[in-house]
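One line per chain: the protein sequences are A and B, in this order.
Counting from 64, one number per residue, gives the positions in the first sequence under our numbering.
Counting from 4, one number per residue, gives the positions in the second sequence under our numbering.
To give an idea of the interface, some chain B residues facing chain A are shown, with a C-beta separation under 8 Å as derived from the structure: (1) Leu91; (2) Leu159; (3) Ser170; (4) Phe173; (5) Val175; (6) Val177; (7) Ser183; (8) Val214; (9) Phe339.
Once the Cα atoms are required to be at most 30 Å apart in a straight line, the calculated DSS-like pairs of lysine-lysine come out as: (10) B:Lys47 - A:Lys238; (11) B:Lys47 - B:Lys105; (12) B:Lys47 - A:Lys230.
FYI, nobody ran anything at the bench for these hints, they're computed from the structure.
Remember, it's a predicted structure, so these values are computed and weren't measured experimentally.
In this text, a Cβ means the ideal position worked out from N, Cα and C, and glycines have one as well.
What follows is each chain in one-letter form.
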Amino acid sequence: MRSAETQSRTPLDERRQDGEAREGFTGLPSRVPTGRTGDRVFAQSATLAGVLILITLAGVAAFLLAEAIPAITAKASELPDGKTLIGYVAPLVFGTVLAAAIAVVLAVPVAIAVALFISHIAPRRLALTLSYIVDLLAAIPSIIYGLWGIFVLGPAAVPVMEWLEHKLGFIPLFKGPASTTGRTLLVAAVVLAVMIVPIISAVAREVFSQTPRRLQEGALALGATRWEMIRMTVLPFGRSAIVSGSMLGLGRALGETMAVTIILSVSGVVTFNVISQSNPSTIAANIALNFPESSGLAVNTLIASGLVLFLITLLVNMGARAVINKQAAR
Amino acid sequence: MSVSAVGGATLTRRGVLPSWTPYAVVLGVAACVAALLAAAGNLKIVPLIAVTLVVSAAVIYVMSRVVEGSRRATDRLVTLSITTAFGLAVAPLISVLYQVFKRGLARFDSAFFTESARGVIGAGGGASHAIWGTLIITGCATVISVPIGIMAAIYLTEYGRGRLRRSITFFVDVMTGIPSIVAGLFAYALFALFLGPGTRMGIIGAVALSVLMIPIVIRASEEVLKIVPTHLREASYALGTPKWRTITKVVLPTALAGLVTGVMIAVARIIGETAPLLVTTGVIDSTNTNPFSGRMQNLAVYAFGEYRNPGVQRDAAFDRAWAAALTLILIVMVLFLAARLVYRRFGTEIR
Numbered sequence: 064m065r066s067a068e069t070q071s072r073t074p075l076d077e078r079r080q081d082g083e084a085r086e087g088f089t090g091l092p093s094r095v096p097t098g099r100t101g102d103r104v105f106a107q108s109a110t111l112a113g114v115l116i117l118i119t120l121a122g123v124a125a126f127l128l129a130e131a132i133p134a135i136t137a138k139a140s141e142l143p144d145g146k147t148l149i150g151y152v153a154p155l156v157f158g159t160v161l162a163a164a165i166a167v168v169l170a171v172p173v174a175i176a177v178a179l180f181i182s183h184i185a186p187r188r189l190a191l192t193l194s195y196i197v198d199l200l201a202a203i204p205s206i207i208y209g210l211w212g213i214f215v216l217g218p219a220a221v222p223v224m225e226w227l228e229h230k231l232g233f234i235p236l237f238k239g240p241a242s243t244t245g246r247t248l249l250v251a252a253v254v255l256a257v258m259i260v261p262i263i264s265a266v267a268r269e270v271f272s273q274t275p276r277r278l279q280e281g282a283l284a285l286g287a288t289r290w291e292m293i294r295m296t297v298l299p300f301g302r303s304a305i306v307s308g309s310m311l312g313l314g315r316a317l318g319e320t321m322a323v324t325i326i327l328s329v330s331g332v333v334t335f336n337v338i339s340q341s342n343p344s345t346i347a348a349n350i351a352l353n354f355p356e357s358s359g360l361a362v363n364t365l366i367a368s369g370l371v372l373f374l375i376t377l378l379v380n381m382g383a384r385a386v387i388n389k390q391a392a393r
Numbered sequence: 004m005s006v007s008a009v010g011g012a013t014l015t016r017r018g019v020l021p022s023w024t025p026y027a028v029v030l031g032v033a034a035c036v037a038a039l040l041a042a043a044g045n046l047k048i049v050p051l052i053a054v055t056l057v058v059s060a061a062v063i064y065v066m067s068r069v070v071e072g073s074r075r076a077t078d079r080l081v082t083l084s085i086t087t088a089f090g091l092a093v094a095p096l097i098s099v100l101y102q103v104f105k106r107g108l109a110r111f112d113s114a115f116f117t118e119s120a121r122g123v124i125g126a127g128g129g130a131s132h133a134i135w136g137t138l139i140i141t142g143c144a145t146v147i148s149v150p151i152g153i154m155a156a157i158y159l160t161e162y163g164r165g166r167l168r169r170s171i172t173f174f175v176d177v178m179t180g181i182p183s184i185v186a187g188l189f190a191y192a193l194f195a196l197f198l199g200p201g202t203r204m205g206i207i208g209a210v211a212l213s214v215l216m217i218p219i220v221i222r223a224s225e226e227v228l229k230i231v232p233t234h235l236r237e238a239s240y241a242l243g244t245p246k247w248r249t250i251t252k253v254v255l256p257t258a259l260a261g262l263v264t265g266v267m268i269a270v271a272r273i274i275g276e277t278a279p280l281l282v283t284t285g286v287i288d289s290t291n292t293n294p295f296s297g298r299m300q301n302l303a304v305y306a307f308g309e310y311r312n313p314g315v316q317r318d319a320a321f322d323r324a325w326a327a328a329l330t331l332i333l334i335v336m337v338l339f340l341a342a343r344l345v346y347r348r349f350g351t352e353i354r
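Put together the whole structure using the sequences plus the hints.
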């Protein structure tokens, strides 16, 4: 091939040589060995752009680590609040996980219902419009959800939380005393749930609608009602989609910043009580609240907590994608 | 109650309730509950809907159980529950839109778009500096993300194979899940290493947004490039066109509408980001149009700042925050609608 480059070639010659390099005529050639500069440059820059994704992800970890090292090596007395780094980050991790877990518990049943409604219940003509509306829910900026949570949902939730305290106060989650402003972990978790419902339902809907027709029609032909058909064919078929979608939602809820920052009144406590005035903060909210006014080692400490958040969400997301890929390969 | 109205007498077939039964029951119960609540002097929309749904679910279940048997009754109950859950999921959207329009219109005036917040104490002032910042930062992020994103998508659809392709696909998906604040910290750390700590510039924010935007662009472009028919590429190869000319002259023009749609949706996704800009571009009250020097305000951070540090006249600041929220929502919705229109108008040749 190399020697052929130096000769002047007609397009027809090239075509034949390309053909020889391919493994038959099925499929497209993924590498056409013409040796032309244009082809080589283009292919290399496309590959570079792809590899840049891997570099960026590695870069996120590397640069966060580089900026976190001063905080990791510093003595406890130099850090904010005079606590060790672990002592500083641990309550934040607790708050982050608690808020995200409540959000996922609230969101998953609703998201499954939304997915089923669009894929199996609503009239076919409406399905596209409905899914567009649900997507719009995911497009609203989180700052707006935050403002909505503090000005609208929070005040509206106060009587509900008082009711929870009186009727279900024996459960540690609702021990109270109920907040009078609505700036509680429960309200923040509800807003997070609203934000992750579209994510979970998008994944679930995709797979629900791929349930083999023969299974569904077979169930109906045997006399099953629509719900029995859904329970016996659609839900088992979509189980791993529900799992992976929930994990994606969890990842999003763990890292969501502004809604929590605005809504939560934080006091750094570690408690399961989700309706009171004093709440644990989350990693992301803590960074957003303190980063703009911080300097020196405080910045490094916040970046170290950001690194922890990155690693947690990375693990959750990789798990979710692994489940999805396994499902796709089935 | 309406039970009697749609009871056994109106059955069309033995053992099956007529198809309009659920609608009739829900409407009938709603009317009864509304009358009762109004009589109690406490007619509010949320209790009305909640009580109506619970009562109608019970009524429908009992009716269906009596007439159609327990299995169909369960089916009807589940259908109503799923429909209710869908309504529950969409209710926040309606409430958010209603509240943002209601509260945002107070300061949605010409001053909001022409004045900055420079020297403003109390009422008045505007967000022109933040609007400029949003446009410039988002513009820079788009300029960075679109070439990288589309080239990476070309790699994935046209060139990639084997382990590298698989791992890039996997990590693009993983990258869509990076928390936005982490992207902000990454950009901060990147520039802090070279320019020293505490640097705040528009371009740092643009880099942070790019980290969030690139995977969205790749995903959307990959989908579109995949559906460009194979026979177009083969026809081009058959004419002796080199692969890269085939991609730039045949594949990309065919997919253009889809690519534009994808980019618009990606812009809509990141234009309202707050957290990454909070840690990278800083806060400022006057207009700065140079992304490479000094702090730069943007709409989302502006709304957050007005809420968090309202100053002497709280309500005036809150009004400005809501006006900024309204501006953002309008931008996002216009981008979404425009994206759909572009795809409908120009995207048909792909099918």
